[in-house]
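My request is simple: use the sequences and hints to build the entire structure.
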Amino acid sequence: MNQQSAAASSSPPSRNRIVQLEDVRVRFGADTNAFLALDKTSLTVEAGDFVAMVGPSGCGKSTILKLVAGLLRPTEGVVFVAGREIGAQRIGIGMAFQNPTMLPWLSIRQNVMLPLKIVEPYSSTYRIHKNTLFRDRVEALLEKVGLGGFGDHRPWQLSGGMLQRANLCRALIHEPKLLMLDEPFGALDQFTREELWSILQDLWIDQRPTVFLVTHDLREAAFLANRILVMSSRPGRVTEDRKVDFARPRTLDTTYEKDFTDLTHSLRSLIVAAKQKEKVTS
Amino acid sequence: MKVSARLREQFSSVMLIASLFVIWEVACLLFNVSAIVLPRPSQIITTLIVQLPALWPHILQTLVTTMIGFGIGMVIGVLLGIMVGVSRAAYNAAYPLLVGFSSIPKVAVVPIFVLWFGSGTVPAILTAMTTCIFPIVVNVATGLATTEPEMEDVLKALGASRWQVLWNVGLPRTMPYFFASLKIAVTLAFVGTVLSETVAANRGIGTVMMMASASFDVPLAFAGLFALALLGILLYVVFAIIEQRICGWANRKNEFAMA
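Line by line, the protein sequences give chains D and R.
When we follow the numbering used here, the leftmost residue of the first sequence carries the number 1, and every step to the right adds one.
When we follow the numbering used here, the leftmost residue of the second sequence carries the number 1001, and every step to the right adds one.
Any given hint could be a false lead.
Not everything, but these chain R residues come out facing chain D in the computed CB check (under 10 Å) [unchecked claim]:
#1 1161
#2 1164
#3 1168
#4 1169
#5 1175
#6 1249
#7 1250
Keep in mind that the hints were calculated from the coordinates and are not lab data.
Keep in mind the model is a prediction, meaning the values are calculated, not measured.
Beta carbons are placed, not taken as given, at the ideal position from N, Cα and C, and that holds for glycine.
Here it is as structure tokens:
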């Protein structure tokens, strides 16, 4: 504990760096079948950035997500979020998984409104505003993602793509500083997925949260992110850190330009290389 | 469409009971079974109606005793279920104890309750309570323990406290499990009450049945059984209706099938 605070004071976290990982290691399991999910990783992310993480399965992408969201403690090292060590603060991080996890006993509107019930400053006035101000706010956001008029529906009445739109709304309704997306479009068809990329990009330009996106789709990473981290597995570590500076807003035409295909192509070879190395070592 | 299907369903269950009674009636007449061995349903129902003014206080006694025992058991069961269900360690640690506790035949604890509290209503309430706690604890704990971690993670990432996660995700998700257990528990509570009343009480349907069988008034004993069955069905229906109101979301498959 003392060592950690000493390390913290030696390199004070900058104001602009919303997320900072310092020599973080995460080990799962006990003695004999323990494995290193994330090896000594240091990483800083600027506020308002859009970071995508790609790599083979089990390379610790989701582990980084959970560390930043405060759902997991590092075995070694320190994680700072918004200038403070994780666990010490409640900044209300938005989160969405591949499985939309809408609560079946609530309507879509109530599901989307859930963060306002939990996160300050909304939660203290939740009772007053839930049928007026907050309701309008939810409706407006649902409208933006193409779910206008679906607020009163129950989750099981919606298709997978519609649920994932609602899921995005729930992750963004409280305008979080940090948005964690774990393969949010993984289970959707190509066309829905591409439509949601554009919607997510618009929402990001509007609200400018810092986004962490875990994905297996290299085109998705290249389309959405400002920065792509390529990771290798066993032990998980970041092997490549790419800037992506295509002009915004990007359109689907961007994805067919040469620079874009070159980028996805080179990302692909990096991941293939990482996978082969994994085979040799194991 | 939906209403007629439901009516048909209710009609068929009434028909099932009616035909069972008819077979029983006919079999008794056919084989000339004495009323002391097995009274006919018509005799039982007649006895029930004729004796109702005398039976009514006993029915009320059993009903009230059961409801008090069931109410206390429900509160304790839910609290225990939450305590056991929120952590895996508690779940694993407490399970053997709960199984052991529930394996004790309730007839064996009645004398102990009588020893502590004397005969009468109190041991009946306690027996009803101990009989109905187990299914509630197990179901509430199972509902909580099987909550999808992703659902909880979404709230935890928002900075929700354990209590907020429990209130917004764990408990609502557990409601269908809870109501399933209530329907079992309320019938079990009746068993507990009557058990205790047959051993040590001077009021209640259990007592009536003991006295009736002691004086070979078999139709009256059976009338007591019928009264119990009717009360059981009544309470089951009450909880089924409440369940439909509160967690209809969990039964949507039926709705679709009927629509």
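Earlier hints that do not hold, by number: none
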